[in-house]
Every structure is written in C-alpha cells, then in structure tokens.
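Peer 1: Protein sequences appear in the order of chains F and P. Heads up: the first sequence at position 167 corresponds to 167 in my numbering, and the numbers run straight through without jumps. Here my numbering runs 1000 ahead of the position in the second sequence, where the first position is 1.
Simulated from the structure, these hints should not be mistaken for lab results. Treat the numbers as computed from the prediction; the structure is a model and nothing was measured. We put the CB at the ideal spot given by N, CA and C, even for glycine. Be aware that a few hints might be false.
As the list claims (entries may be wrong) - Simulated DEER-style distance windows between Cβ atoms: (1) Arg183(F) - Leu1069(P): 44 to 50 Å; (2) Pro28(F) - Arg1025(P): 27 to 33 Å; (3) Arg164(F) - Val1120(P): 18 to 24 Å.
Stated by the list, open to error - Covered, in the sense of this in silico footprint (three residues per stretch, anywhere, with C-beta under 8 Å from a C-beta of chain F), are these stretches of chain P: (4) 1051-1065; (5) 1079-1085.
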Amino acid sequence: MNAPFQEVQARQTLAVVDCDIHPAHRTPGELLPYLAPRWREHYQTYGVHVRQALSSTLMYPRMMAAGMRADALPASGPAGSDLDMLRQQHLDPVNVEFGLLMALSKGGMEERNPEFAAAMSRATNEWQIDHWVRQEPRLRAGIVVPQEFPEAAVAEIERCAGDRRYVQIMLSSRPSDPLGHPRYWPIYAAAERAGLPIGLHPVGYNGGHPSTGSGWPTYYLQEHYVFVACMEALAASFILGGVFERFPGLKVVLVEGGFAWAPALAWRMDKHFDKFRKEVPHLKQRPSDYLRQHIWWTTQPIEEPEHPRHLIEIIDWIGWDRLLYSSDYPHWDYDNPSFSFKFPMTEAQRRKIFRDNAMALYRLS
Amino acid sequence: MSRHVVCSADELPPGARRTAFVDGREIALFNVGGQLHALLNRCPHGGARICNGVITGIATSSGPGDYRLERDGEFLRCPWHGWEFELATGQSWCDPRTTRLRNYEVRRESGGNLVKGPYVAERFPVIMENDYIIVEL
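Looking at chain F on its own, in the form it has when it is part of the complex:
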C-alpha cells in the first residue's frame, strides 16, 4: 500500500516554459567533487552552518512527504534527485519546452561562513550544469550566489555570465536586509551588465529574521502564506530604494510568492507617494510604474478564489505579459498547467503565460 505507480499521462499539446523546478542532491556528498580541497575538508569536518537549529530538518513540518509530492520519491535518493523521474512525471507529460532550475538547499545562500558560502555557490552552479543541464537540454540553470557577500556574488555572476545555460541570478527572498539596500547594489550592477534577470525565491531562513514582521508563524499553513509578505516587502524595497532608477535595465522575477497582491501594494504606494514624495526624491516615476516595468511574477501556487474569474481582473491590471507559469516540481503544492488555471483564457493569453513571456524574458532558444 502507498507505493507509487508509473506515470502514463497523455502529453499535453501546448508547449510550456516552467520557471520553477527544484533539483535535489541524490547523495549527501554530491557537491564534494566541485569544492576545492580546502572547502571539501571544511564540509566534511564542520558541515554546513545555517541560521536554524536542527539544520537538516524542516522548520515547519509539512503535512506529508517532507513537503514533496507523495508520488515523486524515486527508488533511491530524495524527491527531485532523479532526472529520469523528472522527465517521466513532468517534462514529458506536461510538454515542457524549457524548465528553469531553482537550486535551494546547501547552495550558499543559507551558509553563514562567507568564504564557504562562495565556494558552495560555485559548486552548486557547476553541479547544476553537470548533473542536469548537460544531461537534459530542456533544463536551464539559475546562478546561485552568496548574496550576503556581494563581492563574491559579483565574481560568481561574472564567472557564469555569457554561458547561456545560466538564464538568471537567484536570490533568496529572506535576506539579511531588504534587497533595496545599497549594500546589494553591486549584485544588481552585475546582473544588468550580464543581461540576466534576478529570480527571488524563498530559501530557508537565511536572513535570520522571523518570516513575519510580528514573529514566527505558529503553523505551516501560516508559514506558507507569509511567502507573500516577504515578496511584498522586497518589491517595495526595490522600488522605494531607487534600485530601478539606478539600474533601469534590471528585471526582477518574484517566484512562488503569489501575484494577486500586486495591485493592492501598488495602490497603497501610489497613494502615499504623492504626499511623501520629498522623502524619496530619487524616484522619478510613481511606484506602480516601476512595478509594472521591472517586476514579473510566477504563477505557482496560484490563488484559488471562490470565483476563479476574479483572477482575470487582477491579471488585467498586472498585465498578461508579466506572469510566468511555474510548477514547483517536485514540491507538494505542484501546479499542473492543465488543471491549475480555473478561469477561461484566450489562446493569446494562454500562450503568453505558459510560454512566450518566459521565452522573451529569459531569452530562451
């Protein structure tokens, strides 16, 4: 009982670009070959150092399968570690033309030792290419960087830039400071020079802050919801901090943080902008203008209002050219493109959200 069956789903016809796939290490030592001897020794002697007790466990226990799809556990290794299973369960039946990897665990963003964080980030990036992108031409890597050590982050971006197998720079949406802070600006300058979007995705608790402004959530349900609060805070920080004024070519993708909140945030910022303009004289446009020009949103986990058509009005405001389909495979809250959008779309809207927006933003080919 409770053992998974083989996938035999029919292939869906519309090709999609999936902007959130999580690869996992099949074995605990999988990054060791990509570390210099000094850091291999460190890894094996001291281990990783994240801002969380019981660092190999989940801070908020999930209701099943350690937060994974219960049917995505391969014969050996954790969910997300088996490329063949990824192909059979997702890339083939869902007809994924391109899939963007978001490497979460032990990538360097959570690591407290800055030099080790830089080594782990580089190792993770090389591992993504070797284990995934080189084996499967539909996959693309995201550059993991030690974001709290901007100098090393810039070096890693520059090392990878120009290699089109890397299509974005990944930052955690739980940083030490709000991401509009000038100390992160060298990362944005490097992103702009490389012509790569920044993808924000929640990664553990790397900043060390409670995930809400009023403390730690009580339940996983609450913790899952506050991804939204993180993204709102960071979008406001980017905009009001003047990041987009300083880096007009910068593009930011908010991954797994919802999108239905976007109009409400813009309305509130615009309302006060007219009154408090002198406080932020570096802004030349209204906050909503920056939001619409510089920010993209992925769709998973998609909001499910009682009347699914309500999402149409929200997307009309955001722009049908701003949403990017994402699945979150192999996580439990996986969105299948055939079932997750419960409102009618025109063929043109469907093509934009499922494929064309991501093709253009990430310059995929």
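Starting from the known structure of chain F, arrange chain P on it as the hints suggest.
Peer 2: This is chain P only, laid out in the frame that chain F set:
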C-alpha cells in the same frame, strides 16, 4: 451501465491497490481491509493521479487543544495538494471555508464536525464475483 472485469481477486488482496483502463478511463482500485473502492484516477482539484495518495484517517477537533485522528483507512489523501476524499463516497472533506460554522455545532453533535469540501472524486461500483474484480461504468 456496463460491467468490466478489471483483474482477478487475488490481484487485489486486502491492503493492495492497482489501476485499470476501462473505456479509455484510468480507474484507481483499492482494497482496504476487504472493502473495495474504485475511483477515477484523477484528482478533481489539481489533476494528480490519486492512486498514489496515502490511505489515512481524518483529523478532527472540537476546538484548540483537542485533536483526534479518526476513521483510519476511510480516506484517500491526494499525493499533491493533500485534499482528502472519503473513499466510500468520493466526497472531499474539511473545507476550511465552512468549518468554522460547523465547529460551533460540534460541541453538541458528535460526528457532525466533518464538513463537505467542494470536490467530489468520481466513483464507480466495484464488486468481487467468481474470483474476479468487476467495475461498472
């Protein structure tokens, strides 16, 4: 309604599950302690193949501080988003949008604290006959 032999009885002993294609539809079959269940193998919410879900009970509570796991083996939890379906009816339960109202009543009515969810998994009659498992659809 037509009858379809899907497998022999010993291919679906108690504790086992399997899938079968009938008239182009994939059916998930379960034998839970001798009780047979047949459901369309597609979650009505997100499209998962529900044959891969965990057979479980349901967590109930009359209020904060009181939690019970009841009716073990009577529910199927979807392997993706965790919607729970009563195997005997296909009905989803524990819709958080309506439980608050019913929680008030449950203090006086035992068993009334389960509230119907919006989804119903499609079920089919399934019987054992002459050592064969037969599904009707």
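Peer 1: Hints first: check each against the structure and report whether it holds.
Peer 2: Now for the hints, and whether the structure bears them out:
Separation of Arg183(F) from Leu1069(P) is about 49 Å and conforms to the stated range, judged on CB atoms against 44 to 50 Å. Between Pro28(F) and Arg1025(P), the C-beta spacing of about 43 Å breaks the proposed range 27 to 33 Å. Between Arg164(F) and Val1120(P) the Cβ separation comes to about 47 Å, which falls outside the hinted range of 18 to 24 Å. Under the rule that three or more residues need a Cβ within less than 8 Å of chain F, the assignment of the stretch 1051-1065 of chain P holds, with 5 such residues.
Counting residues of the stretch 1079-1085 of chain P whose beta carbon lies closer than 8 Å to any beta carbon of chain F gives 4, which meets the minimum of three for the stated coverage.
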